Structures are given as structure tokens and as C-alpha cells.
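Number of protein chains: 6
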Amino acid sequence: MKAKIAVFPGSFDPITIGHVDIVKRALPLFDKIIVAIGINSQKKSLYSLKHRMDCLNLVFKDMPEVETDFYEGLTINYCKQKSASYILRGIRSASDFEYEKTIAHLNNAMDEEVETILILSKPELSSISSTIVREIIKGKGEVSKFVPKEVLTSLYDFEV
Amino acid sequence: MKAKIAVFPGSFDPITIGHVDIVKRALPLFDKIIVAIGINSQKKSLYSLKHRMDCLNLVFKDMPEVETDFYEGLTINYCKQKSASYILRGIRSASDFEYEKTIAHLNNAMDEEVETILILSKPELSSISSTIVREIIKGKGEVSKFVPKEVLTSLYDFEV
Amino acid sequence: MKAKIAVFPGSFDPITIGHVDIVKRALPLFDKIIVAIGINSQKKSLYSLKHRMDCLNLVFKDMPEVETDFYEGLTINYCKQKSASYILRGIRSASDFEYEKTIAHLNNAMDEEVETILILSKPELSSISSTIVREIIKGKGEVSKFVPKEVLTSLYDFEV
Amino acid sequence: MKAKIAVFPGSFDPITIGHVDIVKRALPLFDKIIVAIGINSQKKSLYSLKHRMDCLNLVFKDMPEVETDFYEGLTINYCKQKSASYILRGIRSASDFEYEKTIAHLNNAMDEEVETILILSKPELSSISSTIVREIIKGKGEVSKFVPKEVLTSLYDFEV
Amino acid sequence: MKAKIAVFPGSFDPITIGHVDIVKRALPLFDKIIVAIGINSQKKSLYSLKHRMDCLNLVFKDMPEVETDFYEGLTINYCKQKSASYILRGIRSASDFEYEKTIAHLNNAMDEEVETILILSKPELSSISSTIVREIIKGKGEVSKFVPKEVLTSLYDFEV
Amino acid sequence: MKAKIAVFPGSFDPITIGHVDIVKRALPLFDKIIVAIGINSQKKSLYSLKHRMDCLNLVFKDMPEVETDFYEGLTINYCKQKSASYILRGIRSASDFEYEKTIAHLNNAMDEEVETILILSKPELSSISSTIVREIIKGKGEVSKFVPKEVLTSLYDFEV
Numbered sequence: 000m001k002a003k004i005a006v007f008p009g010s011f012d013p014i015t016i017g018h019v020d021i022v023k024r025a026l027p028l029f030d031k032i033i034v035a036i037g038i039n040s041q042k043k044s045l046y047s048l049k050h051r052m053d054c055l056n057l058v059f060k061d062m063p064e065v066e067t068d069f070y071e072g073l074t075i076n077y078c079k080q081k082s083a084s085y086i087l088r089g090i091r092s093a094s095d096f097e098y099e100k101t102i103a104h105l106n107n108a109m110d111e112e113v114e115t116i117l118i119l120s121k122p123e124l125s126s127i128s129s130t131i132v133r134e135i136i137k138g139k140g141e142v143s144k145f146v147p148k149e150v151l152t153s154l155y156d157f158e159v
Numbered sequence: 000m001k002a003k004i005a006v007f008p009g010s011f012d013p014i015t016i017g018h019v020d021i022v023k024r025a026l027p028l029f030d031k032i033i034v035a036i037g038i039n040s041q042k043k044s045l046y047s048l049k050h051r052m053d054c055l056n057l058v059f060k061d062m063p064e065v066e067t068d069f070y071e072g073l074t075i076n077y078c079k080q081k082s083a084s085y086i087l088r089g090i091r092s093a094s095d096f097e098y099e100k101t102i103a104h105l106n107n108a109m110d111e112e113v114e115t116i117l118i119l120s121k122p123e124l125s126s127i128s129s130t131i132v133r134e135i136i137k138g139k140g141e142v143s144k145f146v147p148k149e150v151l152t153s154l155y156d157f158e159v
Numbered sequence: 000m001k002a003k004i005a006v007f008p009g010s011f012d013p014i015t016i017g018h019v020d021i022v023k024r025a026l027p028l029f030d031k032i033i034v035a036i037g038i039n040s041q042k043k044s045l046y047s048l049k050h051r052m053d054c055l056n057l058v059f060k061d062m063p064e065v066e067t068d069f070y071e072g073l074t075i076n077y078c079k080q081k082s083a084s085y086i087l088r089g090i091r092s093a094s095d096f097e098y099e100k101t102i103a104h105l106n107n108a109m110d111e112e113v114e115t116i117l118i119l120s121k122p123e124l125s126s127i128s129s130t131i132v133r134e135i136i137k138g139k140g141e142v143s144k145f146v147p148k149e150v151l152t153s154l155y156d157f158e159v
Numbered sequence: 000m001k002a003k004i005a006v007f008p009g010s011f012d013p014i015t016i017g018h019v020d021i022v023k024r025a026l027p028l029f030d031k032i033i034v035a036i037g038i039n040s041q042k043k044s045l046y047s048l049k050h051r052m053d054c055l056n057l058v059f060k061d062m063p064e065v066e067t068d069f070y071e072g073l074t075i076n077y078c079k080q081k082s083a084s085y086i087l088r089g090i091r092s093a094s095d096f097e098y099e100k101t102i103a104h105l106n107n108a109m110d111e112e113v114e115t116i117l118i119l120s121k122p123e124l125s126s127i128s129s130t131i132v133r134e135i136i137k138g139k140g141e142v143s144k145f146v147p148k149e150v151l152t153s154l155y156d157f158e159v
Numbered sequence: 000m001k002a003k004i005a006v007f008p009g010s011f012d013p014i015t016i017g018h019v020d021i022v023k024r025a026l027p028l029f030d031k032i033i034v035a036i037g038i039n040s041q042k043k044s045l046y047s048l049k050h051r052m053d054c055l056n057l058v059f060k061d062m063p064e065v066e067t068d069f070y071e072g073l074t075i076n077y078c079k080q081k082s083a084s085y086i087l088r089g090i091r092s093a094s095d096f097e098y099e100k101t102i103a104h105l106n107n108a109m110d111e112e113v114e115t116i117l118i119l120s121k122p123e124l125s126s127i128s129s130t131i132v133r134e135i136i137k138g139k140g141e142v143s144k145f146v147p148k149e150v151l152t153s154l155y156d157f158e159v
Numbered sequence: 000m001k002a003k004i005a006v007f008p009g010s011f012d013p014i015t016i017g018h019v020d021i022v023k024r025a026l027p028l029f030d031k032i033i034v035a036i037g038i039n040s041q042k043k044s045l046y047s048l049k050h051r052m053d054c055l056n057l058v059f060k061d062m063p064e065v066e067t068d069f070y071e072g073l074t075i076n077y078c079k080q081k082s083a084s085y086i087l088r089g090i091r092s093a094s095d096f097e098y099e100k101t102i103a104h105l106n107n108a109m110d111e112e113v114e115t116i117l118i119l120s121k122p123e124l125s126s127i128s129s130t131i132v133r134e135i136i137k138g139k140g141e142v143s144k145f146v147p148k149e150v151l152t153s154l155y156d157f158e159v
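Chains as they are written, first to last, in numbering that gives the first Met the number 0: chain A, 0 to 159; chain B, 0 to 159; chain C, 0 to 159; chain D, 0 to 159; chain E, 0 to 159; chain F, 0 to 159.
Don't read these hints as lab results, they were simulated from the structure.
None of the values given here were measured: they were computed from a predicted structure.
Among the clues, some could well be false.
Copies of one chain are not kept apart here, so a pair can be met inside one copy or by any two copies together.
Said to hold, decoys possible - Computed list of lysine to aspartate or glutamate pairs in DMTMM-like fashion (alpha-carbon distance at most 20 angstroms, straight line): (1) 60 - 134; (2) 49 - 111; (3) 1 - 30; (4) 1 - 99; (5) 139 - 71; (6) 31 - 64; (7) 1 - 64; (8) 79 - 141.
Working from the sequences, and respecting the hints, build out all of it.
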């Protein structure tokens with residue numbers, strides 16, 4: 000039987016407890032989940048690729064079925080390269096949904112073999128996003144409720 | 000390792016090619032999918048429970064990993080009774096999404112062990128629903144593009 | 000050159016100034032608009048078919064390019080019977096849109112020759128619907144701002 | 000200075016902890032909040048008016064600024080009768096929003112003096128609605144997380 | 000009794016008649032409304048902070064309960080500094096709603112004491128936004144219907 | 000009788016088969032459709048204006064009722080200059096709808112003579128947008144299913 004591999008793509012700028020929750024809940028469904036940073040040379044990130052990879056490695060170090068990685072180009076091509084038949088995505092709101100639908104339909108048009116699996120954010124996590132966390136950090140606010148404790152200090156270090 | 004069992008609940012009044020597509024695409028993820036008619040005594044169906052079960056049995060007769068069934072009461076209780084850890088749902092639109100979110104959050108509040116997995120309808124199937132098929136049948140229209148060929152004749156027989 | 004005929008379908012229970020505005024604005028685009036009551040034997044209307052047809056006739060009596068009618072069965076079949084290549088619809092909100100999209104896609108799947116044309120309600124009319132007008136009338140409220148003046152009295156007559 | 004009175008209208012069939020949370024959070028803004036059951040003779044309720052009023056009275060008995068009541072006809076007329084300048088509503092989702100917008104705009108068209116004030120449900124309460132609670136009760140499920148503890152027993156008593 | 004103070008935050012680039020309408024309608028609810036420009040060093044504004052403050056001062060000069068101000072950092076921190084227990088926001092559409100929900104939930108997670116109060120734009124004002132006004136001004140169009148007359152000339156002066 | 004002229008505005012960066020489908024389906028309704036590139040000096044395009052005009056000319060060269068052009072400033076002003084009474088737009092999703100509604104209402108506020116006509120994308124084309132096509136091209140993916148064959152090669156030439 001073919002291994003069930005899912006790619007969980009994102010910019011993870013920075014990773015939030017919302018991301019971690021999706022990975023944990025999806026884990027029993029797959030043999031391996033690859034949490035992968037998609038590099039977008041046109042979008043400026045707050046944290047460096049190195050910093051974001053360090054955070055992923057810290058957060059998932061005790062979950063052997065989770066691999067961390069980064070890639071350039073299309074997610075669908077990266078999936079094929081990693082023999083992943085699934086793309087895993089969390090959704091929080093109707094506007095997330097419209098976006099995911101467009102991306103999933105296009106991935107499907109390019110390669111029918113890769114299936115997108117959507118998991119709903121828990122209600123209490125549905126307002127957390129990397130965008131929001133970045134805004135709070137820039138405004139010197141408190142984000143300890145929104146990011147994994149392993150990476151909390153490093154996020155502020157960066158700001159200094 | 001625990002078997003991965005998903006319940007795919009619905010009224011299937013009648014089953015459409017949209018339902019069949021979701022089951023086929025989700026099948027590689029699970030060891031078994033139970034396609035189950037939820038009986039709602041307060042909602043009048045166009046087709047009898049017997050007729051709908053016959054349709055399900057016809058449509059899925061060559062897929063050994065698919066089981067068909069019906070149940071009364073809450074879906075979440077039925078899942079526990081069948082040792083199913085997943086509820087499978089297809090979504091077509093943003094309004095479907097709002098509905099699924101509410102149901103999934105409530106199921107989660109009642110039992111954290113059962114996870115809802117959402118799969119997007121393919122674009123060309125995204126306008127097909129049992130409601131629409133019923134309207135066309137009542138208007139004596141042509142539904143052969145929207146329902147599995149195994150059940151097509153029986154749907155009109157019923158109407159006579 | 001083929002005449003450009005559009006069907007403007009609805010239950011018109013009762014007709015509102017929102018309906019009239021859509022017809023007036025669309026009129027320059029078409030040679031004829033048929034304002035047609037779709038009869039739905041399963042949905043109970045507040046006003047009788049006769050009453051609703053009388054209202055349509057009163058409201059459009061001075062617009063020679065507007066025809067009034069009623070029909071049973073599918074709108075798409077009625078269009079073919081009337082040689083109409085267009086279905087005209089007004090939309091007010093995102094939820095209207097989702098509904099119209101589903102109907103338009105299905106009509107298209109059944110007959111590629113009939114095209115749905117959408118026109119946006121004006122902002123000040125976007126909260127008016129037959130449903131809302133019925134609720135106000137049942138609650139003995141004032142609807143003179145929401146329905147054509149030609150039919151206003153008859154709507155309350157009905158209620159007595 | 001004129002007293003700030005708000006009407007919080009609903010069917011409260013049954014009241015949920017979501018309703019109670021909105022009232023508590025809005026209370027500091029107003030001098031009085033009237034929690035009022037709108038009687039809709041065309042919509043069948045699960046609980047009797049008497050039962051629903053008893054629940055409201057129990058739940059709000061220790062909040063002197065909260066009055067309970069019921070009314071027939073339009074909410075806007077009831078507001079005028081009670082000298083209330085505000086309608087208070089909780090919103091949970093984008094589809095709630097579309098509904099509230101329509102109602103608020105119409106109330107405004109009928110009486111410019113009455114203003115609708117919207118308060119967002121807390122994330123963890125955003126999946127709770129009377130509709131959902133009724134479904135769970137009919138399915139013999141557990142609703143203690145969703146309704147005020149003062150009324151919990153009576154909801155099941157009713158079911159027997 | 001504690002004074003009821005609300006902050007009405009925005010970029011006001013430029014202020015529109017939609018903003019003014021929200022403030023006027025909300026005024027009876029509060030003892031003071033602080034219309035406050037949030038400075039976002041990463042988002043380039045069309046008008047300078049000085050110009051925007053001058054506009055606010057002109058527009059609200061005859062409303063003694065309205066204060067104008069600007070702030071850096073998080074809105075929630077600014078509220079605490081001003082002893083404001085409320086954030087006031089106008090909403091026009093379902094997509095506005097999703098945005099406001101996310102922000103309100105996060106503000107709530109950071110400080111339970113500050114409540115967000117939403118008021119719906121009037122239908123005829125629901126298409127007006129600062130973004131749209133800026134586009135029209137850049138395109139040399141006419142915006143006198145969309146901005147307060149006190150500031151109209153200065154907006155074009157700026158453009159020259 | 001006045002000629003029925005519609006402007007189909009966009010950035011066409013690049014043109015997709017979704018755009019072409021809308022023009023073809025709308026053509027029987029109008030005497031002329033002007034496919035016009037709106038120049039936005041503040042938004043950087045992937046393809047030059049020259050390249051985009053060349054593509055439009057190639058794609059529509061065999062449709063005599065289609066004119067191609069470009070313009071600066073407001074679409075509504077361009078319509079008046081071309082004696083066009085209609086703006087034609089395709090819509091794919093609820094979020095497209097909210098955007099089109101805002102623009103249409105504003106155009107209407109500026110000039111009541113120009114009417115916006117909306118046509119729904121076909122389901123199988125509803126995930127195609129210029130934005131998505133650009134992303135795929137940047138990621139070196141395959142876009143032959145999404146753009147007219149006449150322009151396909153030139154899009155990749157550009158990339159080199």
C-alpha cells in the first residue's frame with residue numbers, strides 16, 4: 000500500500016498555534032505530513048527563511064511523522080517531487096474558503112492525482128493568523144496566546 | 000493500528016454524481032466509508048427510505064470499502080456506535096461552508112474524538128445538489144447528467 | 000436579426016418597486032421582456048395567482064415591450080417555448096448571488112442556448128424583497144415605500 | 000436625558016448561553032434591555048410561549064436592568080410602544096450579517112429613530128444557536144454546554 | 000457612573016460622509032467618541048497626517064462630544080490609555096464583517112474589557128469607502144456626493 | 000435606434016479563456032463590445048501595455064463587433080467618451096460579487112446613464128483569473144488550459 004503523504008504548505012511567518020492544531024488533528028489520517036515553507040520571492044516576509052525553518056523544527060521536533068522543508072515554485076510540483084498525494088489546509092472563514100477553492104480547483108486542473116483536504120479551525124483559534132500575529136508584534140503587543148511557546152521569545156528577539 | 004472509518008452522512012434524496020465523486024476521491028484516505036442516510040422524521044423526503052437505500056446499494060455495489068446504512072438521532076452518536084473517527088463532507092460554496100462549520104464545531108463540542116474532513120466539489124459538479132435534482136424531476140426535466148446512471152430510471156418511475 | 004427576448008421569472012408575491020426598477024433598467028437591452036409568474040404548487044403564496052397577475056398587468060400596462068404571463072414547470076422549458084434566449088435576474092446580495100449562480104449553471108447544463116443576465120439592485124432598493132413586504136403586511140406595517148403605488152391598496156384589501 | 004432603552008428580540012426557542020452573553024456584554028451601554036419574544040403565529044415553536052417566558056424570567060431574575068416581555072406584530076412598532084431607541088442583535092457569521100442588514104435597513108426605512116446595534120458573538124459561542132440546540136435535544140444529545148444551567152432540566156422535561 | 004467612551008479608529012484617508020454618519024448615529028449611545036487616526040508606518044497614505052487631522056477637526060468642530068486624535072501601535076492599547084471601553088466600527092458588507100470579526104475577537108483575546116460595537120452603514124452609503132474616493136480623485140472624478148462639504152476643496156487642492 | 004455599446008474593462012494581464020468566454024456569450028446582446036485595458040500607473044503589471052494590446056488584437060481579430068482599446072482615468076468617463084451605455088463584467092464568486100457591487104453602485108452614483116451588466120462565469124472556468132495565471136507562469140507551470148492558444152507562446156517568451 001502506498002504511503003499517505005500530505006504537504007501542509009504556508010509561509011509560516013510566523014507559525015501559530017492554529018497551524019500546529021491543524022497538523023496534530025490531521026496526523027492520524029496520514030503516514031507523513033510535510034510542513035513546507037513556500038518561498039515567494041515577491042512577498043517580503045517579516046522573519047527570514049532561516050528563522051522560520053528553525054521555528055518549524057523546534058515546534059515539531061517531537062513528532063516523528065512530521066517533516067519540515069521549504070520549496071520554490073508551484074506547490075503542486077513540490078507535491079509530485081515528494082510523492083505526496085494530498086495537500087492539507089486549515090480553513091477559518093468563508094473568505095478563506097473562496098481562496099482555498101480557487102487554489103484547489105487549479106491544482107486539480109494541473110494534476111488530478113493530488114487531492115486537497117480541508118480541516119476547520121477550532122472556533123477559539125479561528126481569529127488567529129500569521130498576518131494578525133505580525134501586526135500585534137509590530138505594535139509591541141502580547142502574542143503568547145497565539146504562538147507555540149517554543150518560539151515565543153525568538154519572535155520578539157527578532158523585533159529588537 | 001486502528002481502522003480509519005469515515006461516515007458520509009446525508010439524506011441522499013436522491014443521490015447525485017456529486018456525492019459519488021466525493022466518496023471516490025476520499026476512499027484512498029480511509030479503510031472504510033459508511034454512506035449513511037440520516038432519518039429526519041420532521042423533513043418530508045421525495046423518495047422513501049427504502050428507495051434511497053436501494054439506490055445507495057446499487058451505486059456502491061462494486062466498492063467493497065463502502066458500506067451503506069441509515070440511522071436516527073445525532074450523526075455524532077452514530078459515529079461512536081460505528082467506531083468512526085471521521086465525518087466526511089463535500090462542500091460546494093461559501094454558504095455550504097458556513098453550514099458545515101457550525102455543524103462541525105458542534106460535533107466537536109460534543110465529542111472531541113470525531114474529526115470532520117471537508118473535500119471540495121469539482122467545479123463542474125458544484126451546482127448539483129439533491130434539492131436541484133428534485134426540482135428538475137418535479138418539473139419533468141432531464142437529470143441524466145446529474146445522477147448516477149444506475150438509479151436514473153427509478154427516479155422517474157417514482158414520479159409516475 | 001433574431002428578436003432579443005428575456006424572461007424575468009419570479010413569484011411576485013407581491014411585486015415590489017425593486018422588480019419594477021430591474022425591468023425598466025433592462026428594457027433598452029431587449030426587444031421584449033416577459034415578466035412571468037412561475038407557479039410552484041408546493042409553495043403556498045400569500046396572494047392568489049389571479050391577484051398577482053392583476054398587479055403585474057396594472058404595473059406594466061404602459062410599457063408595450065413588457066409582456067406578463069405565468070407558467071408551470073421549469074423556467075428553462077418556458078424560455079424555449081417563448082423563444083427567449085435570456086433569463087433576466089436582479090441581485091441584491093452575496094447570498095442572492097450564490098443562489099443565482101446555482102440556478103444559472105443548471106439552466107446552462109440543460110440548455111446552452113439560454114443565457115442568464117444579472118443586474119444589480121440599486122443600493123436604496125437592496126433591502127426590499129417580496130418576503131420582507133409580506134412580513135410587514137402581516138404585521139400591519141406600512142409598505143407604501145416598497146411596492147408600486149398602483150397595487151398598494153389591493154395588497155391591504157387582500158389582508159382584510 | 001432620555002433613558003437608553005434597547006429591545007433584544009428573538010424567539011428564544013430556547014434561550015442559549017449565546018443570548019445571555021450578548022445581553023451581559025451590552026448591559027453597560029444601556030439603561031434597560033428588554034428581552035422580548037416575538038410571537039410568530041406561522042412558525043411552530045418547540046417550546047410554548049409560557050415555557051419560554053419562564054426560562055427568560057429564571058435566567059435574568061438577578062439582573063434588574065433586564066426586563067422580559069413578548070409581543071405580536073412588527074419589532075419596530077413594539078420598540079416605539081416601549082420608547083426604545085435601540086434594537087440589540089448578536090451576530091455570529093457572514094450569513095447572520097446579511098440577514099441583520101436587511102432587517103435593519105427596513106426598520107430604518109420605516110422609522111429613522113430606531114438604531115440597530117450589533118455585537119459579535121465570542122468565537123467559542125459562535126456555533127451555538129437555538130436551531131442547533133433544538134436539533135440536539137430532539138436527537139437526545141447533551142446540551143448542558145449550550146444553555147443556561149437554570150433552564151437545562153426543563154428543556155428535557157419538555158421532551159418527555 | 001463611569002463615562003462611556005468609544006474610540007472610532009481608522010485611517011480617514013480621506014474621511015467620507017459614511018464615517019460622519021456612523022459617528023452621528025452612535026453619538027447618543029456614548030458620552031464621548033474619539034475619532035482617531037491610527038498611524039501605520041508601512042501603509043502609504045494619499046493625504047498627510049496633518050491634512051487628515053485638519054479634515055477631522057473641520058468636520059467635527061461643532062460636535063463637542065467628539066474628540067479627534069491620532070495614535071501609533073495597537074488600537075486596544077490606545078483604548079486603555081484613553082479609558083475607552085468601546086471600539087466603534089461601521090460595517091457595509093459581508094466582507095467588512097469577516098474583517099471586523101477577526102479584529103474584534105483578537106482585541107477581545109488581548110483585553111476582555113474593551114467591547115466592539117458595530118453599526119450598519121445606511122444602504123445609500125454602503126458603497127462609499129476611502130479607497131473608492133481615492134480612486135475617483137486620482138481619476139479626476141467628482142466626489143462631492145461622497146465626502147463632507149467642509150473638506151471637499153482641500154481634497155482636490157492636494158491633488159494639484 | 001441608438002447603438003448598444005458595452006465596455007468590457009480589465010487589466011488583461013494576461014487575457015484568459017474566461018475573459019474570451021464572457022465576450023462571446025455577451026456579443027449577441029450588443030452591437031459592439033469594446034475590450035479595453037484600464038491603465039493603472041500605480042499597479043505594476045507583469046506584461047507591458049503593448050504586449051497586452053497585441054494579445055487582445057490577436058484573440059479578437061476575427062470578431063468584427065469587438066473593438067480593442069486602452070484608457071486612463073475612470074472607466075465611467077471612458078464609457079461616456081465612447082458613447083457606451085453598458086459596462087460588461089464577468090463574475091465568478093461571491094467575493095467578485097461584492098467588488099462588482101461596490102464599483103457598479105459608484106459608477107451609478109456618478110452617472111445614472113451607464114448600466115452594469117453581469118454575466119456568470121461557467122463553472123469549469125470559475126477558478127481561472129489573470130492573477131492565478133501569472134502565479135503559474137512565474138512558477139514555470141503549464142497554462143495552456145487557461146489562456147487562448149493564440150497568445151500562449153508569447154506569455155512564456157515574455158518570461159525568458
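The hints, checked one at a time:
no.	hint	in the structure
1	60 - 134	neither (27 angstroms within a copy, 32 angstroms between copies)
2	49 - 111	neither (33 angstroms within a copy, 35 angstroms between copies)
3	1 - 30	both (10 angstroms within a copy, 13 angstroms between copies)
4	1 - 99	neither (26 angstroms within a copy, 30 angstroms between copies)
5	139 - 71	between (32 angstroms within a copy, 10 angstroms between copies)
6	31 - 64	within (5 angstroms within a copy, 23 angstroms between copies)
7	1 - 64	both (15 angstroms within a copy, 17 angstroms between copies)
8	79 - 141	between (40 angstroms within a copy, 14 angstroms between copies)
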